[in-house]
Amino acid sequence: MIRDLYSQGLNISEISERTGYDRKTVRKYLQLKTLPEPQKRPPRPSKLDLYKPYLLEKINEKHYTAARLFREIQKMGFDGGETIVKDFVRKVRPKQGVPAVLRYETKPGVQAQVDWGELGTVEVDGKLKKLFCFSMILGYSRMRYVEFTLSIDTPTLIQCHLNAFEYFGGFTQEILYDNMKQVVIKRALKSSDSEWNSQFEDFFKCFGFIPRLCRPYRPQTKGKIENTVGYVNRDFFLGRRFTSLEDLNGQVNRWLERVNSIVHGTTYQIPLERFKEENLSPLGQVPPYKVVHKETRKVSRDCYISFLGNKYSVPYRLKNCRTSDL
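Counting from -6, one number per residue, gives the positions in the sequence shown under my numbering.
It cannot be assumed that every hint is accurate.
As the list claims (entries may be wrong) - DSSO-like, lysine-lysine: derived pairs with alpha carbons at most 30 Å apart:
hint	residue 1	residue 2
1	K51	K122
2	K120	K51
3	K179	K122
4	K79	K51
5	K287	K304
6	K287	K120
7	K283	K122
8	K304	K283
9	K84	K51
10	K174	K123
11	K40	K21
12	K123	K291
13	K183	K198
14	K122	K304
15	K198	K287
16	K45	K100
17	K51	K68
18	K33	K79
19	K283	K123
20	K84	K45
21	K283	K174
22	K84	K100
23	K100	K174
24	K45	K179
25	K33	K21
26	K68	K84
27	K179	K283
28	K174	K120
29	K100	K183
30	K45	K33
31	K122	K174
32	K291	K269
33	K198	K100
34	K68	K45
35	K198	K304
36	K122	K291
37	K179	K291
Simulated from the structure, these hints should not be mistaken for lab results.
Please put together the full structure from these sequences, using the hints given.
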(Lines of atoms letter the chains of each structure in order from A and count residues from 1; the text may use other names and numbers.)
(Lines give C-alpha, C1' and ligand atoms only; values in the text may rest on other atoms or scores of the structure.)
Protein backbone atom coordinates (compact mmCIF):
# COMPACT_ATOMS: atom_id res chain seq x y z
CA MET A 1 0.00 0.00 0.00
CA ILE A 2 2.87 2.41 0.84
CA ARG A 3 4.42 1.92 -2.61
CA ASP A 4 1.05 2.30 -4.30
CA LEU A 5 0.52 5.65 -2.61
CA TYR A 6 4.06 6.75 -3.52
CA SER A 7 3.46 5.79 -7.17
CA GLN A 8 0.35 8.00 -7.09
CA GLY A 9 2.57 11.01 -6.33
CA LEU A 10 2.19 11.28 -2.56
CA ASN A 11 5.31 12.28 -0.59
CA ILE A 12 6.55 10.60 2.59
CA SER A 13 4.74 13.03 4.92
CA GLU A 14 1.45 12.58 3.08
CA ILE A 15 1.81 8.77 3.11
CA SER A 16 2.57 8.90 6.85
CA GLU A 17 -0.61 10.86 7.50
CA ARG A 18 -2.70 8.57 5.27
CA THR A 19 -1.44 5.25 6.72
CA GLY A 20 -0.60 6.16 10.31
CA TYR A 21 3.00 4.93 9.97
CA ASP A 22 5.79 7.32 11.04
CA ARG A 23 7.93 8.84 8.28
CA LYS A 24 10.95 6.71 9.21
CA THR A 25 8.97 3.52 8.65
CA VAL A 26 7.55 4.80 5.35
CA ARG A 27 11.05 5.72 4.13
CA LYS A 28 12.38 2.26 5.12
CA TYR A 29 9.73 0.39 3.09
CA LEU A 30 10.24 2.64 0.08
CA GLN A 31 13.99 1.90 0.12
CA LEU A 32 13.50 -1.91 0.27
CA LYS A 33 14.02 -3.71 -3.07
CA THR A 34 11.62 -6.51 -2.11
CA LEU A 35 8.94 -6.53 0.54
CA PRO A 36 9.43 -9.00 3.41
CA GLU A 37 7.25 -12.11 3.37
CA PRO A 38 4.57 -12.04 6.05
CA GLN A 39 5.32 -14.52 8.80
CA LYS A 40 3.03 -17.53 8.77
CA ARG A 41 1.34 -18.28 12.04
CA PRO A 42 1.88 -21.78 13.33
CA PRO A 43 -1.30 -23.89 12.91
CA ARG A 44 -3.50 -23.94 15.95
CA PRO A 45 -3.84 -27.30 17.67
CA SER A 46 -7.06 -29.13 16.84
CA LYS A 47 -9.13 -31.64 18.78
CA LEU A 48 -8.80 -33.85 15.72
CA ASP A 49 -4.97 -34.01 15.71
CA LEU A 50 -4.83 -37.10 17.92
CA TYR A 51 -7.19 -39.00 15.60
CA LYS A 52 -5.82 -37.94 12.20
CA PRO A 53 -3.46 -40.96 11.84
CA TYR A 54 -6.40 -43.32 12.44
CA LEU A 55 -8.61 -41.40 9.99
CA LEU A 56 -5.91 -41.41 7.31
CA GLU A 57 -5.44 -45.16 7.73
CA LYS A 58 -9.18 -45.80 7.34
CA ILE A 59 -9.55 -43.41 4.39
CA ASN A 60 -6.70 -45.10 2.53
CA GLU A 61 -7.92 -48.58 3.46
CA LYS A 62 -11.59 -48.41 2.45
CA HIS A 63 -14.24 -45.91 1.41
CA TYR A 64 -15.83 -45.36 4.80
CA THR A 65 -18.26 -42.45 5.02
CA ALA A 66 -17.21 -39.43 7.08
CA ALA A 67 -20.26 -39.99 9.29
CA ARG A 68 -19.10 -43.51 10.12
CA LEU A 69 -15.54 -42.36 10.84
CA PHE A 70 -16.96 -39.71 13.15
CA ARG A 71 -18.87 -42.37 15.10
CA GLU A 72 -15.77 -44.54 15.37
CA ILE A 73 -13.50 -41.83 16.81
CA GLN A 74 -16.30 -40.79 19.16
CA LYS A 75 -15.99 -44.25 20.71
CA MET A 76 -12.24 -43.58 21.03
CA GLY A 77 -12.84 -40.40 23.05
CA PHE A 78 -13.18 -37.64 20.44
CA ASP A 79 -15.50 -34.93 21.80
CA GLY A 80 -15.53 -32.55 18.82
CA GLY A 81 -18.22 -32.06 16.20
CA GLU A 82 -18.98 -34.03 13.04
CA THR A 83 -18.35 -31.05 10.74
CA ILE A 84 -14.61 -30.92 11.49
CA VAL A 85 -14.33 -34.63 10.62
CA LYS A 86 -16.24 -34.19 7.35
CA ASP A 87 -14.05 -31.21 6.39
CA PHE A 88 -10.87 -33.21 7.06
CA VAL A 89 -12.09 -36.25 5.08
CA ARG A 90 -13.16 -34.05 2.17
CA LYS A 91 -9.72 -32.41 2.14
CA VAL A 92 -7.62 -35.59 2.12
CA ARG A 93 -9.83 -37.98 0.13
CA PRO A 94 -9.12 -37.96 -3.63
CA LYS A 95 -11.90 -36.29 -5.55
CA GLN A 96 -13.75 -38.46 -8.06
CA GLY A 97 -15.81 -37.17 -10.93
CA VAL A 98 -19.49 -37.92 -10.45
CA PRO A 99 -21.94 -37.47 -13.35
CA ALA A 100 -24.75 -35.04 -12.70
CA VAL A 101 -28.05 -36.66 -11.76
CA LEU A 102 -31.39 -34.93 -12.03
CA ARG A 103 -33.32 -35.44 -8.82
CA TYR A 104 -37.04 -35.11 -8.70
CA GLU A 105 -39.50 -35.10 -5.84
CA THR A 106 -42.61 -37.23 -5.44
CA LYS A 107 -45.64 -36.60 -3.27
CA PRO A 108 -46.24 -38.57 -0.06
CA GLY A 109 -47.22 -42.19 -0.56
CA VAL A 110 -46.64 -42.18 -4.32
CA GLN A 111 -43.34 -43.95 -4.95
CA ALA A 112 -40.70 -46.19 -3.40
CA GLN A 113 -37.48 -47.34 -5.04
CA VAL A 114 -35.75 -50.69 -4.76
CA ASP A 115 -32.07 -51.51 -5.07
CA TRP A 116 -30.51 -54.97 -4.80
CA GLY A 117 -26.78 -55.56 -5.05
CA GLU A 118 -23.99 -57.95 -4.16
CA LEU A 119 -21.63 -57.19 -1.26
CA GLY A 120 -19.08 -59.98 -1.68
CA THR A 121 -18.94 -63.37 0.03
CA VAL A 122 -19.46 -64.58 3.59
CA GLU A 123 -18.88 -67.91 5.29
CA VAL A 124 -22.07 -69.77 6.19
CA ASP A 125 -21.91 -73.26 7.71
CA GLY A 126 -18.29 -73.56 6.62
CA LYS A 127 -19.04 -72.60 3.00
CA LEU A 128 -18.47 -69.32 1.16
CA LYS A 129 -21.70 -67.84 -0.14
CA LYS A 130 -22.53 -64.60 -1.92
CA LEU A 131 -24.12 -61.92 0.23
CA PHE A 132 -26.75 -59.60 -1.21
CA CYS A 133 -28.29 -56.39 0.06
CA PHE A 134 -31.94 -55.45 -0.56
CA SER A 135 -32.88 -51.83 0.00
CA MET A 136 -36.16 -49.94 -0.31
CA ILE A 137 -36.40 -46.18 0.16
CA LEU A 138 -39.61 -44.15 0.27
CA GLY A 139 -39.38 -41.33 -2.26
CA TYR A 140 -40.98 -38.56 -0.20
CA SER A 141 -39.65 -39.14 3.31
CA ARG A 142 -36.40 -40.99 2.41
CA MET A 143 -37.20 -43.62 5.05
CA ARG A 144 -35.07 -46.70 4.37
CA TYR A 145 -35.43 -50.43 4.82
CA VAL A 146 -32.42 -52.73 4.39
CA GLU A 147 -32.12 -56.51 4.52
CA PHE A 148 -29.28 -58.93 3.75
CA THR A 149 -29.93 -62.20 1.91
CA LEU A 150 -28.02 -65.18 0.55
CA SER A 151 -30.19 -65.46 -2.55
CA ILE A 152 -31.47 -63.17 -5.28
CA ASP A 153 -34.27 -65.35 -6.63
CA THR A 154 -37.79 -64.03 -7.11
CA PRO A 155 -39.29 -65.59 -3.95
CA THR A 156 -36.54 -63.93 -1.89
CA LEU A 157 -37.22 -60.59 -3.58
CA ILE A 158 -40.93 -60.91 -2.80
CA GLN A 159 -40.22 -61.83 0.83
CA CYS A 160 -37.97 -58.78 1.16
CA HIS A 161 -40.84 -56.63 -0.13
CA LEU A 162 -43.20 -58.14 2.44
CA ASN A 163 -40.67 -57.47 5.20
CA ALA A 164 -40.25 -53.87 3.99
CA PHE A 165 -44.02 -53.33 3.86
CA GLU A 166 -44.27 -54.66 7.42
CA TYR A 167 -41.44 -52.34 8.53
CA PHE A 168 -43.14 -49.27 7.00
CA GLY A 169 -46.64 -50.36 7.95
CA GLY A 170 -47.84 -50.09 4.34
CA PHE A 171 -46.72 -49.58 0.75
CA THR A 172 -46.65 -46.89 -1.94
CA GLN A 173 -48.74 -46.59 -5.11
CA GLU A 174 -45.77 -47.51 -7.30
CA ILE A 175 -42.26 -48.94 -6.93
CA LEU A 176 -39.32 -48.20 -9.22
CA TYR A 177 -36.82 -50.93 -10.22
CA ASP A 178 -33.78 -51.56 -12.34
CA ASN A 179 -34.52 -53.98 -15.16
CA MET A 180 -33.78 -57.02 -12.99
CA LYS A 181 -34.85 -60.44 -14.27
CA GLN A 182 -36.64 -61.20 -11.00
CA VAL A 183 -39.08 -58.42 -11.96
CA VAL A 184 -39.20 -58.23 -15.76
CA ILE A 185 -38.48 -60.83 -18.45
CA LYS A 186 -38.67 -58.53 -21.48
CA ARG A 187 -38.51 -54.77 -21.12
CA ALA A 188 -40.78 -52.74 -23.46
CA LEU A 189 -40.50 -49.06 -24.30
CA LYS A 190 -43.33 -48.42 -21.86
CA SER A 191 -43.01 -50.17 -18.51
CA SER A 192 -46.67 -51.20 -18.60
CA ASP A 193 -46.15 -53.09 -21.89
CA SER A 194 -43.27 -55.19 -20.55
CA GLU A 195 -43.36 -58.96 -20.08
CA TRP A 196 -43.20 -59.43 -16.31
CA ASN A 197 -41.77 -62.29 -14.32
CA SER A 198 -44.96 -64.31 -13.74
CA GLN A 199 -44.33 -64.90 -10.04
CA PHE A 200 -43.58 -61.23 -9.41
CA GLU A 201 -46.58 -60.18 -11.52
CA ASP A 202 -48.84 -62.26 -9.30
CA PHE A 203 -47.36 -60.47 -6.29
CA PHE A 204 -47.75 -56.86 -7.47
CA LYS A 205 -51.25 -57.50 -8.82
CA CYS A 206 -52.27 -58.98 -5.47
CA PHE A 207 -51.12 -55.83 -3.66
CA GLY A 208 -52.23 -53.44 -6.37
CA PHE A 209 -49.06 -51.34 -6.66
CA ILE A 210 -47.62 -50.37 -10.06
CA PRO A 211 -44.07 -51.48 -10.94
CA ARG A 212 -42.02 -48.88 -12.81
CA LEU A 213 -38.76 -49.58 -14.64
CA CYS A 214 -35.68 -47.41 -15.15
CA ARG A 215 -34.69 -46.59 -18.69
CA PRO A 216 -32.37 -49.37 -19.96
CA TYR A 217 -28.69 -48.74 -19.08
CA ARG A 218 -29.72 -45.60 -17.19
CA PRO A 219 -30.12 -46.64 -13.53
CA GLN A 220 -29.50 -43.02 -12.50
CA THR A 221 -33.04 -42.26 -13.70
CA LYS A 222 -34.11 -43.57 -10.31
CA GLY A 223 -33.27 -40.09 -9.06
CA LYS A 224 -33.50 -40.75 -5.32
CA ILE A 225 -32.06 -44.21 -4.71
CA GLU A 226 -28.64 -42.50 -4.40
CA ASN A 227 -26.77 -45.79 -4.72
CA THR A 228 -28.29 -47.02 -1.47
CA VAL A 229 -26.43 -50.34 -1.53
CA GLY A 230 -23.13 -48.47 -1.90
CA TYR A 231 -24.07 -46.22 1.00
CA VAL A 232 -25.00 -49.22 3.17
CA ASN A 233 -21.66 -50.78 2.27
CA ARG A 234 -19.60 -47.71 3.23
CA ASP A 235 -21.56 -46.54 6.26
CA PHE A 236 -22.52 -49.90 7.77
CA PHE A 237 -21.10 -53.08 6.25
CA LEU A 238 -17.36 -52.45 5.71
CA GLY A 239 -15.40 -54.01 8.57
CA ARG A 240 -18.58 -55.30 10.21
CA ARG A 241 -18.32 -58.40 12.42
CA PHE A 242 -21.29 -60.76 12.67
CA THR A 243 -21.92 -64.38 13.60
CA SER A 244 -24.84 -65.19 11.29
CA LEU A 245 -27.20 -63.70 8.74
CA GLU A 246 -29.73 -63.15 11.53
CA ASP A 247 -27.12 -61.29 13.58
CA LEU A 248 -26.21 -59.10 10.58
CA ASN A 249 -29.84 -58.20 9.92
CA GLY A 250 -30.32 -57.43 13.61
CA GLN A 251 -27.37 -55.03 13.47
CA VAL A 252 -28.62 -53.32 10.31
CA ASN A 253 -32.02 -52.79 11.96
CA ARG A 254 -30.29 -50.83 14.72
CA TRP A 255 -28.37 -48.90 12.05
CA LEU A 256 -31.68 -48.08 10.34
CA GLU A 257 -33.02 -46.62 13.59
CA ARG A 258 -30.13 -44.16 13.51
CA VAL A 259 -30.08 -43.17 9.80
CA ASN A 260 -33.86 -42.74 9.71
CA SER A 261 -33.61 -40.40 12.71
CA ILE A 262 -30.96 -37.96 11.45
CA VAL A 263 -31.22 -35.09 8.96
CA HIS A 264 -31.12 -36.30 5.34
CA GLY A 265 -28.52 -34.65 3.12
CA THR A 266 -30.97 -33.86 0.30
CA THR A 267 -34.21 -32.90 2.05
CA TYR A 268 -32.48 -31.38 5.10
CA GLN A 269 -35.21 -32.97 7.18
CA ILE A 270 -35.42 -36.08 9.35
CA PRO A 271 -36.91 -39.06 7.42
CA LEU A 272 -38.82 -40.26 10.48
CA GLU A 273 -40.55 -36.87 10.75
CA ARG A 274 -41.47 -36.69 7.04
CA PHE A 275 -42.63 -40.32 7.24
CA LYS A 276 -45.64 -39.14 9.26
CA GLU A 277 -46.93 -37.52 6.05
CA GLU A 278 -46.42 -40.56 3.77
CA ASN A 279 -50.03 -41.83 3.89
CA LEU A 280 -49.12 -45.35 2.70
CA SER A 281 -51.64 -47.92 1.51
CA PRO A 282 -52.45 -50.03 4.60
CA LEU A 283 -51.55 -53.71 4.73
CA GLY A 284 -54.96 -54.61 6.14
CA GLN A 285 -56.60 -54.15 2.74
CA VAL A 286 -54.58 -57.04 1.23
CA PRO A 287 -55.09 -60.70 2.20
CA PRO A 288 -52.02 -62.54 3.60
CA TYR A 289 -49.64 -63.37 0.76
CA LYS A 290 -47.84 -66.71 0.71
CA VAL A 291 -44.42 -66.79 -0.95
CA VAL A 292 -43.94 -69.95 -3.03
CA HIS A 293 -40.44 -71.30 -3.68
CA LYS A 294 -40.39 -73.28 -6.91
CA GLU A 295 -37.79 -75.99 -7.46
CA THR A 296 -37.37 -78.36 -10.39
CA ARG A 297 -37.27 -82.10 -9.76
CA LYS A 298 -37.02 -85.04 -12.18
CA VAL A 299 -39.75 -87.65 -11.89
CA SER A 300 -38.27 -91.14 -11.59
CA ARG A 301 -39.42 -94.14 -13.62
CA ASP A 302 -41.46 -95.36 -10.66
CA CYS A 303 -43.26 -91.96 -10.48
CA TYR A 304 -41.56 -90.48 -7.42
CA ILE A 305 -39.72 -87.22 -6.81
CA SER A 306 -37.22 -86.50 -4.06
CA PHE A 307 -37.50 -83.31 -1.99
CA LEU A 308 -35.64 -82.46 1.23
CA GLY A 309 -34.70 -86.11 1.70
CA ASN A 310 -38.23 -87.42 1.28
CA LYS A 311 -39.91 -89.17 -1.67
CA TYR A 312 -43.32 -88.19 -2.98
CA SER A 313 -45.48 -89.98 -5.56
CA VAL A 314 -46.75 -88.12 -8.63
CA PRO A 315 -49.20 -89.02 -11.44
CA TYR A 316 -47.98 -91.65 -13.91
CA ARG A 317 -48.24 -89.24 -16.86
CA LEU A 318 -45.30 -87.25 -15.41
CA LYS A 319 -42.89 -90.20 -15.50
CA ASN A 320 -39.37 -89.16 -16.68
CA CYS A 321 -40.46 -85.50 -16.85
CA ARG A 322 -39.00 -82.50 -15.08
CA THR A 323 -41.51 -80.50 -13.12
CA SER A 324 -41.52 -77.48 -10.84
CA ASP A 325 -45.26 -76.96 -10.44
CA LEU A 326 -46.69 -79.72 -8.31
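Structure versus earlier hints - violations, ascending order: 11, 16, 22, 24, 32, 35
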